[in-house]
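Chemist: Protein chains in written order, with my numbering: chain Z, 33 to 368; chain C, 33 to 368.
It should be emphasised that the hints constitute simulated quantities derived from the structure, not laboratory data.
Don't take every hint at face value.
One copy or two, either will do: identical chains are not told apart, so a pair holds if it fits within one copy or between any two.
[To be verified] Taking lysine-lysine pairs in the DSS-like style, the calculated list, with each CA pair at most 27 angstroms apart, reads:
1) Lys366 <-> Lys337
2) Lys367 <-> Lys43
3) Lys176 <-> Lys43
4) Lys158 <-> Lys368
5) Lys342 <-> Lys181
6) Lys79 <-> Lys127
7) Lys267 <-> Lys131
8) Lys313 <-> Lys367
9) Lys367 <-> Lys158
Each chain is listed here by its residues.
Number of protein chains: 2
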Amino acid sequence: MTDTVTLEHIKDAYARIKDHVHRTRVFTCAQLDDRASAASAPAKRRKLYLKAEHEQKVGAFKIRGAVNAIMQSDADYIVTQSSGNHAQAIALGCKVLGKTGLVIMPSDSPTVKVDAVRDTYSCEVKFCVPTQEAREAMSAEVVKDLRAKHGQDKAEEIHPNQDIRVVNGQGTIALEFLEQQTDLDAVVVSIGGGGMIGGIAAYIKAVNPKIKVIGAEPEAAKSAYMSKKAGELRKNPPNTPINTIADSVKSSLGATTYPLVRDFVDDVFIVNDDEIEDATKFMMERAKQVVEPGCGVAVAVATSKALYEKYPDLVNVGVVLCGGNIDMSNLPWKKK
Amino acid sequence: MTDTVTLEHIKDAYARIKDHVHRTRVFTCAQLDDRASAASAPAKRRKLYLKAEHEQKVGAFKIRGAVNAIMQSDADYIVTQSSGNHAQAIALGCKVLGKTGLVIMPSDSPTVKVDAVRDTYSCEVKFCVPTQEAREAMSAEVVKDLRAKHGQDKAEEIHPNQDIRVVNGQGTIALEFLEQQTDLDAVVVSIGGGGMIGGIAAYIKAVNPKIKVIGAEPEAAKSAYMSKKAGELRKNPPNTPINTIADSVKSSLGATTYPLVRDFVDDVFIVNDDEIEDATKFMMERAKQVVEPGCGVAVAVATSKALYEKYPDLVNVGVVLCGGNIDMSNLPWKKK
Numbered sequence: 033m034t035d036t037v038t039l040e041h042i043k044d045a046y047a048r049i050k051d052h053v054h055r056t057r058v059f060t061c062a063q064l065d066d067r068a069s070a071a072s073a074p075a076k077r078r079k080l081y082l083k084a085e086h087e088q089k090v091g092a093f094k095i096r097g098a099v100n101a102i103m104q105s106d107a108d109y110i111v112t113q114s115s116g117n118h119a120q121a122i123a124l125g126c127k128v129l130g131k132t133g134l135v136i137m138p139s140d141s142p143t144v145k146v147d148a149v150r151d152t153y154s155c156e157v158k159f160c161v162p163t164q165e166a167r168e169a170m171s172a173e174v175v176k177d178l179r180a181k182h183g184q185d186k187a188e189e190i191h192p193n194q195d196i197r198v199v200n201g202q203g204t205i206a207l208e209f210l211e212q213q214t215d216l217d218a219v220v221v222s223i224g225g226g227g228m229i230g231g232i233a234a235y236i237k238a239v240n241p242k243i244k245v246i247g248a249e250p251e252a253a254k255s256a257y258m259s260k261k262a263g264e265l266r267k268n269p270p271n272t273p274i275n276t277i278a279d280s281v282k283s284s285l286g287a288t289t290y291p292l293v294r295d296f297v298d299d300v301f302i303v304n305d306d307e308i309e310d311a312t313k314f315m316m317e318r319a320k321q322v323v324e325p326g327c328g329v330a331v332a333v334a335t336s337k338a339l340y341e342k343y344p345d346l347v348n349v350g351v352v353l354c355g356g357n358i359d360m361s362n363l364p365w366k367k368k
Numbered sequence: 033m034t035d036t037v038t039l040e041h042i043k044d045a046y047a048r049i050k051d052h053v054h055r056t057r058v059f060t061c062a063q064l065d066d067r068a069s070a071a072s073a074p075a076k077r078r079k080l081y082l083k084a085e086h087e088q089k090v091g092a093f094k095i096r097g098a099v100n101a102i103m104q105s106d107a108d109y110i111v112t113q114s115s116g117n118h119a120q121a122i123a124l125g126c127k128v129l130g131k132t133g134l135v136i137m138p139s140d141s142p143t144v145k146v147d148a149v150r151d152t153y154s155c156e157v158k159f160c161v162p163t164q165e166a167r168e169a170m171s172a173e174v175v176k177d178l179r180a181k182h183g184q185d186k187a188e189e190i191h192p193n194q195d196i197r198v199v200n201g202q203g204t205i206a207l208e209f210l211e212q213q214t215d216l217d218a219v220v221v222s223i224g225g226g227g228m229i230g231g232i233a234a235y236i237k238a239v240n241p242k243i244k245v246i247g248a249e250p251e252a253a254k255s256a257y258m259s260k261k262a263g264e265l266r267k268n269p270p271n272t273p274i275n276t277i278a279d280s281v282k283s284s285l286g287a288t289t290y291p292l293v294r295d296f297v298d299d300v301f302i303v304n305d306d307e308i309e310d311a312t313k314f315m316m317e318r319a320k321q322v323v324e325p326g327c328g329v330a331v332a333v334a335t336s337k338a339l340y341e342k343y344p345d346l347v348n349v350g351v352v353l354c355g356g357n358i359d360m361s362n363l364p365w366k367k368k
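Here chain Z stands alone, though its shape is the one from the complex (with noise of 0.2 angstroms):
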């Protein structure tokens, strides 16, 4: 079993996995560029590179880890907690390789991703209170039920982003990318669990260390930013349901990514709900994607004032779309 995440394992992931997942494109927006090149005084030139993650199946990067996870695993019941898009990305990869898949979701998750959960990919929902400290307590005991009743090898958790399995196979973001796009000065990536970032960085710094790998977090869950302020792993407060519209990103850090996230990414930075709603609405009214709040996030941050300020020689700079599921119906903001 895996236990690091490496350059060779993400390599590894990517072999594994690769039919399975969309390669995504990477484009540009014309209007998103003017908006990064303003935003620093005096203005400078950039041009943002955005890897299309929102158009991947099950409309988020969650579909490489998961599958990259399942394949690895010999039980037959797998077990998860996520806020929403890991949730889709199990219950779809279970469906593809023949498991049977139970997902814990928060009891506020976007209807539309647990329909998808549900309808889409025919797996089992349960619900549970709104922490992270919930979903956990409860999955463990869904695992240990299905041991009780099938045995001790037949059911297993794979976590949405502790899990290392699951990082190599978020890591195969940054191996497509840097093929797609060779002249990056850094990487803006949103940060949850910090599974997509840990693999991400650890890929990128064995690659080609002088490429800056920049993480983007909401002010209400700054688990990253405040473990790399800290020097050690902060997580957000316990038990506390978190209040920010970036609904994919409110996990805290955690025993596998903080040490990947200290080693391997060199700044994080955080922006506030208002900052994220403003970068989704021109994501969707300039760049005609829909993303997620959660993405948004790293939209912001590759388009803000202090990003630049600190590193002003940044040009080139990729974006990962990390996730486009929004329920169109009962978008998080009000009507104007």
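Mind docking chain C on chain Z? Use the hints.
Modeler: For chain C alone, coordinates are given in the frame of chain Z:
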């Protein structure tokens, strides 16, 4: 001056405009294919090819016709009236080509479109009562005033859909589409004033008459449907605001486009606002593409029972995603 819509004129238009417009991608969406495949009984495997004009400059195909017309005009002052997308196209075209633009917009135009014309493209906007008649009357008046002030040949109106140069410009969508996808059985196109489908149909029937050209209209503005049925031009009821969420396709056919629709369009299907809303949301939630309801009209028809009951042999179906200009702070449907 070009006075017809022909293959040669469309090829000329393409040579003229191609450095000013995007060659938009053609892409597919597995979930949309599933929907079209399941639309007939028995189900039949179908593939929808989507021409991404929502990613075109100004967020809609209209830039093609606008630039083609402006480049052939000797006037310094370009006047137009438009419900939105053509307004933006004329505004950007004038800016790029060094002309002065004046745009009449209906008072109920979406804010996002008015802002784009005025703020993004620095074009003067005048508002009028939201009927086609009022727009046309004010437009004629503005041209008259400008000619009185600057000289007879200094000001000219470019009609959003009845100007032959505009129609030839829109035909370049088909030129690209047939190069990009060579096995299309049909192309489905939304119809407002008929400029887009007129150019597309003329091109397609000259190149490969076997490809069906299918028009799509909202129930509330079915001028083409009624005209085909009557065998003569039928306009929407005069001086009556038209009630549909598909704000970009409220116009009637006119003297230029009716004969093109009569001669080159195989059939016209109508859909109601529920179907338009559903298709528009589907494009956003599943394909992750922001399209406007006027584009949802074509998507609704291309995934409808009615289309495949009448044309069961269609397998590879092209759909023009004509525009993506929609106000994300004020979506035209209720929260759920």
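Chemist: Look at each hint and say if it fits the structure.
Modeler: Status of each hint after checking the structure:
1. Lys366 <-> Lys337: So Lys366 and Lys337 pass the 27 angstroms test inside one copy only (26 angstroms; across, 36 angstroms).
2. Lys367 <-> Lys43: neither (45 angstroms within a copy, 44 angstroms between copies)
3. Lys176 <-> Lys43: Classified as neither; 33 angstroms inside a copy, 68 angstroms across copies.
4. Lys158 <-> Lys368: Classified as between: cross-chain Cα gap 23 angstroms, same-chain 36 angstroms, threshold 27 angstroms.
5. Lys342 <-> Lys181: The answer is neither: 56 angstroms in one copy and 54 angstroms across copies each exceed 27 angstroms.
6. Lys79 <-> Lys127: between (39 angstroms within a copy, 23 angstroms between copies)
7. Lys267 <-> Lys131: neither (32 angstroms within a copy, 58 angstroms between copies)
8. Lys313 <-> Lys367: Answer is both: 12 angstroms inside a copy and 17 angstroms across each meet the 27 angstroms cutoff.
9. Lys367 <-> Lys158: between (32 angstroms within a copy, 26 angstroms between copies)
Hint compliance for this structure: hints 2, 3, 5 and 7 are not met, and every other hint is.
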